[in-house]
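Join the two chains, each given in its own frame, into one complex according to the hints.
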Amino acid sequence: DAGVTQSPTHLIKTRGQQVTLRCSPKSGHDTVSWYQQALGQGPQFIFQYYEEEERQRGNFPDRFSGHQFPNYSSELNVNALLLGDSALYLCASSMVGIKETQYFGPGTRLLVL
Amino acid sequence: AQTVTQSQPEMSVQEAETVTLSCTYDTSESDYYLFWYKQPPSRQMILVIRQEAYKQQNATENRFSVNFQKAAKSFSLKISDSQLGDAAMYFCAYRSALNYGQNFVFGPGTRLSVLP
Chain A
1 DAGVTQSPTH
11 LIKTRGQQVT
21 LRCSPKSGHD
31 TVSWYQQALG
41 QGPQFIFQYY
51 EEEERQRGNF
61 PDRFSGHQFP
71 NYSSELNVNA
81 LLLGDSALYL
91 CASSMVGIKE
101 TQYFGPGTRL
111 LVL
Chain B
1 AQTVTQSQPE
11 MSVQEAETVT
21 LSCTYDTSES
31 DYYLFWYKQP
41 PSRQMILVIR
51 QEAYKQQNAT
61 ENRFSVNFQK
71 AAKSFSLKIS
81 DSQLGDAAMY
91 FCAYRSALNY
101 GQNFVFGPGT
111 RLSVLP
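In the order they appear, the protein sequences are chains A and B. Take 1 as the starting number for the first sequence in this note's numbering and just add one per residue. Take 1 as the starting number for the second sequence in this note's numbering and just add one per residue.
If we strip away everything but chain B, and leave its shape as in the complex, we get (with noise of 0.2 Å):
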């Protein structure tokens, strides 16, 4: 079975500054996806960022980015130019590409505070 591990239960960053949240996942699998998602206080998951394994470029979406490291199997976020709405629980997801894989498999998350 597939794991997923977030080191960081919590995390801060000051207004405008870049912070990186990590995340490492276990499986035995060559093909999968990856996510980060994103759950305010509102309670609502926002997906961040999506990064297929089959592809060696790293994924980035307007200040958010990651670094995908498939033989370390680690999956970082980095967020630049962080803004107070970035304040949220962050999640990184697994995602077979199995067709009946179909279910996430969520790490513990990070709680991100943005200091002004």
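Isolated chain A, as found in the complex (with noise of 0.2 Å):
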């Protein structure tokens, strides 16, 4: 059983350039969600997809977007990069429902300079 998986596991941007980061989420799982750590940090909730629509949203600048297939795989994008952007961006999935737990994938590694 495949958990959720994450590419690229590096990226290294410039100011200003927009990134496009992927996550599958692990098998019979249907939300996913996006989380920014920030280096020596907890991880910040970016946003929550469910049925291809973006069911929650952090206190992130619209620069951050992102969309979900019908597969559940999902994106995240970020426009006009700031070095404040470099982070590792965490995917996590689930199963909609109150009591599942989230399970996380490796992260991408963001690197701006």
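Because the hints were derived from the structure by calculation, they are not lab data. Just to be clear, a hint being listed does not mean it is correct.
As the list claims (entries may be wrong) - Straight-line Cα separation of at most 25 Å, SDA-like style, residue types lysine to any residue; simulated pairs:
| id | chain 1 | residue 1 | chain 2 | residue 2 |
| --- | --- | --- | --- | --- |
| 1 | A | Lys-26 | A | Phe-64 |
| 2 | A | Lys-26 | B | Leu-47 |
| 3 | B | Lys-55 | B | Glu-17 |
| 4 | A | Lys-26 | B | Glu-52 |
| 5 | A | Lys-13 | A | Tyr-50 |
| 6 | B | Lys-78 | A | Gly-40 |
| 7 | B | Lys-55 | A | Val-96 |
| 8 | A | Lys-26 | B | Pro-41 |
| 9 | A | Lys-26 | A | Gly-58 |
| 10 | A | Lys-26 | B | Met-89 |
| 11 | B | Lys-73 | A | Gly-58 |
| 12 | B | Lys-55 | A | Phe-64 |
| 13 | B | Lys-73 | A | Gln-44 |
| 14 | A | Lys-26 | B | Ile-46 |
| 15 | B | Lys-55 | B | Asp-31 |
| 16 | A | Lys-26 | B | Ser-96 |
| 17 | B | Lys-73 | B | Thr-24 |
| 18 | B | Lys-78 | B | Leu-115 |
| 19 | B | Lys-73 | A | Gln-41 |
| 20 | B | Lys-70 | A | Thr-101 |
| 21 | B | Lys-73 | B | Leu-115 |
Said to hold, decoys possible - Distance ranges between label pairs, derived from CB positions:
| id | chain 1 | residue 1 | chain 2 | residue 2 | range |
| --- | --- | --- | --- | --- | --- |
| 22 | A | Thr-101 | B | Gln-83 | 15 to 25 Å |
| 23 | B | Ser-80 | A | Glu-54 | 19 to 29 Å |
| 24 | B | Ser-42 | A | Asn-79 | 23 to 33 Å |
| 25 | A | Gln-41 | B | Ser-30 | 21 to 31 Å |
| 26 | A | Glu-52 | B | Gln-8 | 36 to 46 Å |
| 27 | A | His-10 | B | Lys-70 | 35 to 45 Å |
| 28 | A | Phe-60 | B | Thr-5 | 32 to 42 Å |
| 29 | B | Ile-46 | A | Asn-59 | 25 to 35 Å |
| 30 | B | Asn-62 | A | Gly-3 | 15 to 25 Å |
| 31 | A | Gln-18 | B | Ser-74 | 41 to 51 Å |
| 32 | B | Glu-10 | A | Glu-54 | 35 to 45 Å |
Just so it is clear, CB atoms sit at the ideal spot from N, CA and C, and this is done for glycine as well.
The structure is reproduced here in structure tokens:
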């Protein structure tokens, strides 16, 4: 049973560029959440997708957008990259319902120069 | 908004000994879930243990157990018989039981070192 997978593992971009990160949820899961983890800090919630719609959003600017596909996989897009966007981006999947735990992928390390 | 606090940025424990990591949280909700996640240098966030707020019994998973004090809004993690592989960042996390509140609120983490 494949767990949550993310690609790429590492990425280097320059300020002002755009980036797309990808996530495939754990088998049987239909909900995908994205988190940003700055160095030495806990993960911060960006947004959550369910049934191809953004269901909930954290305190992140509109430069951060996402998408969920019919197969439940998801993309995180960040436009007009800033140096402060450098972080580990984590994807977590779960099944809809109030008791399910989120399972995390290995993350994508983004460095903005 | 809910907040999670971990007051110990770093902790260390001797191999085979017991260590307790602290976590407090703030919420006005009565039903919620609490979690401890472990993040080793490989970066993968791994679930250690989960506690439902409506359950009075403290959760246990092998060498890991929690002390859940709902009135005090405290949720500490005890690791018994510590092993070298337990060395990692440990994050305490809160999740609302409401359907729309499925995102996690994480604390800042505690870095645990295990000394041989």
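To see whether the hints hold, each was checked on the structure:
1. Lys-26/A x Phe-64/A: 23 Å, holds
2. Lys-26/A x Leu-47/B: 14 Å, holds
3. Lys-55/B x Glu-17/B: 28 Å, violated
4. Lys-26/A x Glu-52/B: Judged against 25 Å, a Cα distance of about 23 Å means the pair holds.
5. Lys-13/A x Tyr-50/A: Status violated; Cα separation ~29 Å.
6. Lys-78/B x Gly-40/A: 22 Å, holds
7. Lys-55/B x Val-96/A: 21 Å, holds
8. Lys-26/A x Pro-41/B: 22 Å, holds
9. Lys-26/A x Gly-58/A: 23 Å, holds
10. Lys-26/A x Met-89/B: 23 Å, holds
11. Lys-73/B x Gly-58/A: This hinted pair holds, its Cα atoms lying about 23 Å apart.
12. Lys-55/B x Phe-64/A: Violated: Lys-55/B and Phe-64/A sit about 37 Å apart, past 25 Å.
13. Lys-73/B x Gln-44/A: 21 Å, holds
14. Lys-26/A x Ile-46/B: Holds, at roughly 14 Å.
15. Lys-55/B x Asp-31/B: Holds, at roughly 10 Å.
16. Lys-26/A x Ser-96/B: With Cα atoms ~22 Å apart, Lys-26/A and Ser-96/B stay inside 25 Å; holds.
17. Lys-73/B x Thr-24/B: The given pair, whose Cα atoms are some 6 Å apart, holds under the 25 Å limit.
18. Lys-78/B x Leu-115/B: Holds, at roughly 17 Å.
19. Lys-73/B x Gln-41/A: Roughly 22 Å between the alpha carbons, so the hint for Lys-73/B and Gln-41/A holds.
20. Lys-70/B x Thr-101/A: Measuring from Cα to Cα gives roughly 20 Å; hence the hint holds.
21. Lys-73/B x Leu-115/B: 31 Å, violated
22. Thr-101/A x Gln-83/B: 15 to 25 Å: Because 23 Å falls inside the window, the suggested range holds.
23. Ser-80/B x Glu-54/A: 19 to 29 Å: 42 Å Cβ-Cβ, so the 19 to 29 Å window is violated.
24. Ser-42/B x Asn-79/A: 23 to 33 Å: At 30 Å between Cβs, range holds.
25. Gln-41/A x Ser-30/B: 21 to 31 Å: With Cβ atoms ~29 Å apart, the hint holds.
26. Glu-52/A x Gln-8/B: 36 to 46 Å: With a Cβ separation near 41 Å, Glu-52/A and Gln-8/B satisfy 36 to 46 Å, so the hint holds.
27. His-10/A x Lys-70/B: 35 to 45 Å: Distance hint for His-10/A, Lys-70/B holds at roughly 42 Å.
28. Phe-60/A x Thr-5/B: 32 to 42 Å: Taking Cβ atoms as reference, Phe-60/A and Thr-5/B lie about 22 Å apart, which means the hint is violated.
29. Ile-46/B x Asn-59/A: 25 to 35 Å: 26 Å, holds
30. Asn-62/B x Gly-3/A: 15 to 25 Å: 20 Å, holds
31. Gln-18/A x Ser-74/B: 41 to 51 Å: Because 43 Å falls inside the window, the suggested range holds.
32. Glu-10/B x Glu-54/A: 35 to 45 Å: Given a distance of about 37 Å, which is inside 35 to 45 Å, the answer is holds.
Comparing the model with each earlier hint shows violations of hints 3, 5, 12, 21, 23 and 28; every other hint is respected.
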